[in-house]
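A.B. asks: One letter stands for each residue in the lines below.
Protein chains: 2
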Amino acid sequence: MGMLRYVRGVVLAGCLLLISNQICSQEHPSLVLTKEGVQKIRAELGNVPLFDASLKKLKEEVDAEIALGIDTPIPKDFSGGYTHERHKKNFVILQKAGVLFQILEDEKYAHYIKDMLFQYEGMYKDLPLHPKERSYARGKLFWQCLNDSNWLVYVSQAYDCIYDWLTKKERKQLEKNLLRPFADFISIENPQFYNRVHNHSTWGNAAVGMIGLVMDDDELVDRALYGIEDDGLEIGGKDNDGGTIKIEGQKSGFLANVDEPFSPDGYYTEGPYYQRYAMYPFLIFAQALHNVRPDVKIFEYKDSVLLKSVKTLIDLSDADGEFFALNDGQKGMSYASNQVVSAVDIAYNFGGKDPQFLSIAEKQGQVLLDDSGLAVAMGIRDGKAKPFIKESVNLTDGSDGKQGGVGILRYGNEDLTLVFKYAAQGLSHGHYDKLSFSMFEKGDELLQDYGLARFVNIGQKGGGNYLKENTTWAKQSIAHNTLVQNETSHFKGEYEIGSQHHSELYFFDASNKEVQVVSAKEKSAYPGTEMHRTMAMIKWPHFKKPFVLDIMKVNSEKENQYDLPFYFLGQVIEANFEYKAPTMLHALGKENGYQHLWLEGKGVPTLDNAKLLWLNQGKFYSLTTTVNNMDELLFTRIGANDPQFNLRRDAALMIRRKNTANTVFVSVIEPHGSYSPVSELALDSNSNIAHIEVLFDDDNYTAVSIEGVGGHKALFILSNREALKTEEHKLQINDKEYQWNGPFYYIITNK
Amino acid sequence: MGMLRYVRGVVLAGCLLLISNQICSQEHPSLVLTKEGVQKIRAELGNVPLFDASLKKLKEEVDAEIALGIDTPIPKDFSGGYTHERHKKNFVILQKAGVLFQILEDEKYAHYIKDMLFQYEGMYKDLPLHPKERSYARGKLFWQCLNDSNWLVYVSQAYDCIYDWLTKKERKQLEKNLLRPFADFISIENPQFYNRVHNHSTWGNAAVGMIGLVMDDDELVDRALYGIEDDGLEIGGKDNDGGTIKIEGQKSGFLANVDEPFSPDGYYTEGPYYQRYAMYPFLIFAQALHNVRPDVKIFEYKDSVLLKSVKTLIDLSDADGEFFALNDGQKGMSYASNQVVSAVDIAYNFGGKDPQFLSIAEKQGQVLLDDSGLAVAMGIRDGKAKPFIKESVNLTDGSDGKQGGVGILRYGNEDLTLVFKYAAQGLSHGHYDKLSFSMFEKGDELLQDYGLARFVNIGQKGGGNYLKENTTWAKQSIAHNTLVQNETSHFKGEYEIGSQHHSELYFFDASNKEVQVVSAKEKSAYPGTEMHRTMAMIKWPHFKKPFVLDIMKVNSEKENQYDLPFYFLGQVIEANFEYKAPTMLHALGKENGYQHLWLEGKGVPTLDNAKLLWLNQGKFYSLTTTVNNMDELLFTRIGANDPQFNLRRDAALMIRRKNTANTVFVSVIEPHGSYSPVSELALDSNSNIAHIEVLFDDDNYTAVSIEGVGGHKALFILSNREALKTEEHKLQINDKEYQWNGPFYYIITNK
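Chains R and B are the protein sequences, given in the same order. Residues 1 to 751 in my numbering are what the first sequence lists, from first letter to last. Residues 752 to 1502 in my numbering are what the second sequence lists, from first letter to last.
So here's chain R without its partners, still in its complex pose (with noise of 0.2 Å):
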């Protein structure tokens, strides 16, 4: 075999001395492995734990693939059937067989890749559409263009780590009816699918820059930088998940999605879910891009943005590492996957070696097989890692940075974490949740942001793609931990409507860990009425664990009812009102994602404040709320108009407050306690906060008081108007006058 490679060699170093210097110019690997980066990677094998470890899962892997043979099924599958399946594992092992031939120099594996790519290339250029019709965007191996893009991105690594081993005759054949084809299909024949600031189009547009690396084909990595300029298509058109298709004025290509997308602070706007799948290509192209176009500084772009993006992903997860799942997220994915393998990798080696990224790495106990994981799995070799230290961080949304954004406020070590949304609509994948929440102790979540309604890559569950309930349920507001008014969606649950707008910082406040604010307005979710939400992340010292208080605090031209649900995961401790719970269940309403739930129990407070404790893996949790005595107490829970049982069964605590044009919702929301089945110990089970109480509420301020059991008490003023930090307030409630510059006023009165 050593042998076969030598005579190729040979044909190889002939076609360099007698072709133009032009055409020859570009050596390979090139692309994601590097010739000097193999070199390399060789002298150290054997030396670098989790590199050998990495590289020998890896050559299992592709083995056992190898010695299955090789197929290339007629494409007739959904996602989780067959065909798609073996389609997408050809890719990936193409890829990791490229990879495998650079370092062992064993061309079993180069023939494997130029086996497979000559069958592709036997059944391309006859192939006509996939069968399946759902897509906007149709591909050929693949139901959607997408997935033939996924395609194209590894297998042109693949192609590049064999591209000087092939003759130039297969070279010419495979790039002619194969790649180059390939690269117009998903591209000039699909620009519905390809020209489009999405991350669908990311996709595509890495997948034809790759392949236009590899080919030192310009016109193609110019299609891939800059988008098509005249792509024929009118404004306006809806893709699959209802996203707009052709926006006016909005620019394409690879660039264009890392502009627009992405946040100065690298927040990816259709969420983090989304946001780990488009790293993958963004930062494969990256570098290839750095390595065969350095020209470009694809790094620097847009101050960084791309390298950023990785700090900020890992800054949307639990301490579990799983990821918020804001908007359409599914839950339980988390950093451990390999997109992040790779952000992380390469974020490490581009980025300026931060030495918190290698205990990322250690937690993915895997590394890339190029030289950005050499330089990981080097550095924890070498003893580099530390912690990655998760703070409280404000992420803008939009291009700009000015379209709202995510707040995450945390205590200790992820002891206690918020996730506050008060961001721009998140393209097709956006929920119309403004100004919703979740909240995490440590990796277990306790009041839950439902997710999607999918079962992703599951078969039976509609081809494994979206459900209809991540419409019908999902993606509306009651869905959510915030305010619904009517019974109706924020926006109407309209895209358009929603897309042109965002909820408004009012300020984010994290420099006393006692007491971290964030606080946001939103004035367009329901014309003529204004909602303004102000979380508090506050620790008592006499507490063991922080609490969170919540203001939503709302005002409208007209009376409405008002929905303030709490989805709580776990099971149901105690309350402290009086509710009945019906013979029959009935679902809460007819639409707008009140059709899903069916209304368990129904109450009406018994004290001014009410109260619920649950437990949750075990731990204990108490929601105290102010409420009337018009309030109703609604205990429901999803599942309702769900035959096919798509919805899990979670349920809620929501407070609905009637014929109210303004008013304020005040909550506490207070981790407390433990209880372990084992030891059967119940610590702490019962609510540390005696009672809560709005003392002022205007136009300009909101006051309330929280009281501790014990006694101990705390005053906290919201200035309503004004968010300058340096503005002054003053104040009298109850006789005594209250001074104070910024937007809140935080003291212990009692302590």
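The set of hints was computed from the structure by calculation and includes no laboratory data. Any given hint could turn out to be false.
In silico lysine-lysine, DSSO-like type, Cα no more than 27 Å apart, as pairs [unchecked claim]: (1) R:Lys57 with B:Lys1295; (2) R:Lys544 with B:Lys810; (3) B:Lys1219 with R:Lys619; (4) R:Lys544 with B:Lys839; (5) R:Lys363 with R:Lys57; (6) B:Lys923 with R:Lys590; (7) B:Lys1295 with R:Lys619; (8) R:Lys468 with B:Lys1353; (9) R:Lys57 with R:Lys386; (10) B:Lys1114 with R:Lys619.
Facing chain R, according to a computed beta carbon distance under 8 Å, are these residues of chain B, among others [said to hold, decoys possible]: (11) Glu1051; (12) Leu1336; (13) Gly1352.
If you want a taste of the chain B side facing chain R, the calculated C-beta under 10 Å gives, among others [what the hints assert, rightly or not]: (14) Glu1351; (15) Tyr1496; (16) Thr1500.
Yeah, the Cβ is synthetic: ideal placement off N, Cα and C, and Gly gets one too.
Chain R is already provided as a structure; the job is to place chain B on it using the hints.
C.D. replies: Coordinates of chain B only, in the frame set by chain R:
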């Protein structure tokens, strides 16, 4: 401090010289710790990692408590409340402080014990009954004598540890005013608690016996071993759980409590949750008897059943060490609990040093701080630990081993575990669930036993005691994976009837790993009806995972309605039959547990096999079951008539067959594949069972064919009347004659 100890030592030595040998003959400590053992422990300190770690942890805990000061509040609360938890903590810390005093020779621990005991001495003589009146046997420090007995079991050990250190006068005062009256209170003053065969009484017996051993009080030791001869109780009477207090002719005392509830296999009739609870008094008192009264030969008693029961208890756990929730069992309780730490250490030390126990102790991560714990820690240190291999096992129930049992089938390294219950009633903690089963893949339950309806020690939930839903739901037959006739529970759900009966093993054969079978009959649950359930764990070479064949044959003198539920855990992926989901939810019935079930869907079979596929904890499962076109297929969910949210909202699929006398339900339960929300790969997500069919069914034989996707086929024939291994059988099916010996025949007919 050291000096003071010496002075006291001298005083004691004087006592030894001055008073008669008989009274002062017993040295202290002698109960659990021994003088000799303590010497050995001191000599090994610092050389035995697990022992040293356990000591360090315990010292930190006790020192923190000592720093808080002593509190012995006037009793007032149920479990979960302050006074309950405080007194509970007190006795735990007292015992630990005694150990520390002996090992570390630091008198601060002796003073702490002495001071607290005298506080108890000061309050006890005037202490009335506990103010909470719920218990059939109210304690003084706690709401029930059970907890008072816990107190004395622990305090006896603490007292033993400082016995020699106290002056004679101090001992006399403590014994006269506190310890002896305490022992009398829980025994002769509460015979309804003390003089039974029940886990409560075991604690009482151990408490009285242990303090008797320390005080060298033969009367108490005899009362502990043999009970109270004339207890003045009338036949009958009920405890809080509905158990009968006085049963004619039943013995009492510790030995009776070893005799009666333990089967010769070491199965404790109440189930593993209570076995775990009872293990501590059984084994700690046994250890004390072994030390002080070796003439009793307690560890050899009843063919060494106490030692045997420890292995049995571990056999009754899943791969994570969590006990099967048979009868009243709280899910999550595991062999990590302190009681099992004691049991494992004692069983290792006194039961032949089985190295398998060492691997369990490693997982427990702690050892007893006594001779047994030292032996275990040294064994681990010396690398003697061996994996605890859980095999398929049949455990008989009943003191004579002739009252049914529990059959456990396992494949691989606990890859699949079937728990099949055909036991006796299980005393007052028994459920009406003859021939029910649960199933686990590793540590994840896929078809569940609901367990108890109780939040142990969580005060807000009915004082942490049994909830009424334990009776109305958890004990009822329909709460289990077993057959229910005419919507009534087995034995009408009446304890008096249930206690008189048990199911009968038909056969158990785990000799062939590829087809392991357990089969049992129940003739008394419904008079006039015989149920015969046979469950086979089968592994096919071309299936990655084993599956379970379930044959439930029922014969009745009259026509009935039969319900056979399967309580699957997880989310529905697919069903192969048509069903309607109602727009309103109604309870399925009015009583016997049916009042707690919402009907979420109602369908009819589309084919002669109904199939349900679900996803749980990242793994796919399918149920395939033979149905006829008159059957109803009901999706149910727990939660109706549960206004306090005491029940989990778990689902089931129920097969309902009406107007039928004799029939057979045949099902295959099949784990297959996996799903990861990180890789988003769905592997093997479809059922591998193509078809199952009852080929033959009469009084003598039932024959079932199982066909896999791909045409693999097997035949299983059950002899319904004769389980003898040697018996010859002959049966003709479809012109083909089969001949075999023994109760079943299994053959792969088409590979």
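A.B. asks: Does each hint fit the structure? Answer for all of them.
C.D. replies: Here is how each hint holds up against the structure:
Distance hint between Lys57 (chain R) and Lys1295 (chain B) is fulfilled; the C-alpha atoms sit about 21 Å from each other, no more than 27 Å. Distance check on the hinted pair: Lys544 (chain R) and Lys810 (chain B) sit about 23 Å apart at the alpha-carbon level, within 27 Å; holds. For the hint pairing Lys1219 (chain B) with Lys619 (chain R), the CA-to-CA distance comes to about 24 Å; that is within 27 Å, so the pair holds. For a cut-off of 27 Å, the pair hint linking Lys544 (chain R) to Lys839 (chain B) stands: about 22 Å separates their Cα positions.
Restraint check: the Cα-Cα separation between Lys363 (chain R) and Lys57 (chain R) comes to about 16 Å, which is no more than 27 Å; the hinted pair holds. A distance of roughly 77 Å separates the Cα atoms of Lys923 (chain B) and Lys590 (chain R); the hinted pair therefore is violated under the 27 Å criterion. For the hint pairing Lys1295 (chain B) with Lys619 (chain R), the CA-to-CA distance comes to about 38 Å; that exceeds 27 Å, so the pair is violated. About 22 Å separates the Cα atoms of Lys468 (chain R) and Lys1353 (chain B), which keeps this hinted pair within 27 Å; it holds.
Distance restraint check for Lys57 (chain R) and Lys386 (chain R): the Cα-Cα separation of roughly 26 Å lies within the 27 Å cut-off, and the hinted pair is therefore satisfied. Taken as a hint, the Lys1114 (chain B) and Lys619 (chain R) pair is honoured in the structure, with Cα atoms around 23 Å apart against an allowance of 27 Å. Contact between Glu1051 (chain B) and chain R, as hinted, is not supported at the beta carbon level, the nearest pair being about 32 Å apart and thus beyond 8 Å. Against a cut-off of 8 Å between C-beta atoms, the interface hint on Leu1336 (chain B) holds, since the closest Cβ of chain R lies about 4 Å away.
Interface hint status for Gly1352 (chain B): upheld, as the beta-carbon distance to the closest one in chain R is roughly 7 Å, under 8 Å. For the restraint placing Glu1351 (chain B) at the interface with chain R, the shortest Cβ-Cβ distance is roughly 7 Å, inside the 10 Å limit, so the hint holds. With its C-beta approaching chain R no nearer than about 35 Å, Tyr1496 (chain B) sits outside the 10 Å limit, and its interface hint is violated. A cut of 10 Å between beta carbons decides the hint on Thr1500 (chain B): the least distance to chain R is about 28 Å, and the hint is violated.
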